[in-house]
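Novice: Sequence:
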Amino acid sequence: MTPSIKKKLKRRNAIEPIIGYIKQDGHSGLNRLKGKLGDKLNAVLARVGQNCRKILAQLRLFYA
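For the sequence shown, the residue numbers in our numbering are 374 to 437.
By construction, these hints were calculated from the structure, which means they are not laboratory data. Beta carbons are placed, not taken as given, at the ideal position from N, Cα and C, and that holds for glycine. Do not take every clue at face value.
Said to hold, decoys possible - Computed spacing ranges between beta-carbons, pair by pair:
#: 1; residue 1: Phe435; residue 2: Thr375; range: 43 to 51 angstroms
#: 2; residue 1: Ala437; residue 2: Arg405; range: 16 to 24 angstroms
#: 3; residue 1: Asn386; residue 2: Gly422; range: 20 to 28 angstroms
#: 4; residue 1: Lys409; residue 2: Lys383; range: 18 to 26 angstroms
#: 5; residue 1: Tyr394; residue 2: Leu432; range: 18 to 26 angstroms
#: 6; residue 1: Lys380; residue 2: Ala437; range: 16 to 24 angstroms
#: 7; residue 1: Lys379; residue 2: Tyr436; range: 18 to 26 angstroms
As the list claims (entries may be wrong) - Quick list of in silico lysine to aspartate or glutamate cross-link-like pairs, DMTMM-like style, CA-CA up to 20 angstroms:
#: 8; residue 1: Lys381; residue 2: Asp412
#: 9; residue 1: Lys396; residue 2: Asp412
#: 10; residue 1: Lys427; residue 2: Glu389
#: 11; residue 1: Lys379; residue 2: Glu389
#: 12; residue 1: Lys413; residue 2: Glu389
Sequences are here, hints too, so could you generate the full structure?
Specialist: Set out below in structure tokens:
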């Protein structure tokens, strides 16, 4: 394996748990967007939703 492939695999191993969490807890269903751009947009939108949930949780703690 080349060093570049090893680096990409390490990066993927770091991201896989995050993707699993987003799919499970974020209720991420099927990707209904078309093509490669749709795949990218779906990932970005799922992460935005995850970040919004984190921000709202912090605000609830702050204002509780």
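Novice: Now look at each hint and say whether the structure bears it out.
Specialist: Right, here's what the structure says about each hint:
In this structure the supplied range 43 to 51 angstroms holds for Phe435 paired with Thr375, their Cβ-Cβ distance being about 47 angstroms. Between Ala437 and Arg405 the beta carbons are some 36 angstroms apart, a value that contradicts the proposed interval 16 to 24 angstroms. At roughly 23 angstroms, the beta-carbon separation of Asn386 and Gly422 lies within the given 20 to 28 angstroms, and the hint holds. A beta carbon spacing of about 23 angstroms between Lys409 and Lys383 agrees with the range 18 to 26 angstroms that was offered as a hint.
For Tyr394 paired with Leu432, a C-beta distance near 20 angstroms keeps the hint of 18 to 26 angstroms intact. The supplied range of 16 to 24 angstroms is broken by Lys380 and Ala437, whose beta-carbon atoms lie about 43 angstroms from each other. Here the CB-CB span from Lys379 to Tyr436 is close to 46 angstroms, at odds with the stated 18 to 26 angstroms. Of the pairs offered as hints, the one joining Lys381 and Asp412 holds, with about 19 angstroms between alpha carbons and a cut-off of 20 angstroms not exceeded.
In summary, the hint linking Lys396 to Asp412 is supported, as the alpha carbons are separated by about 14 angstroms, within the 20 angstroms threshold. For the hint pairing Lys427 with Glu389, the CA-to-CA distance comes to about 19 angstroms; that is within 20 angstroms, so the pair holds. The suggested pairing of Lys379 with Glu389 holds, with an alpha-carbon distance near 15 angstroms, which does not exceed 20 angstroms. Restraint check for Lys413 and Glu389: the C-alpha separation of about 15 angstroms stays at or below 20 angstroms, so the hint holds.
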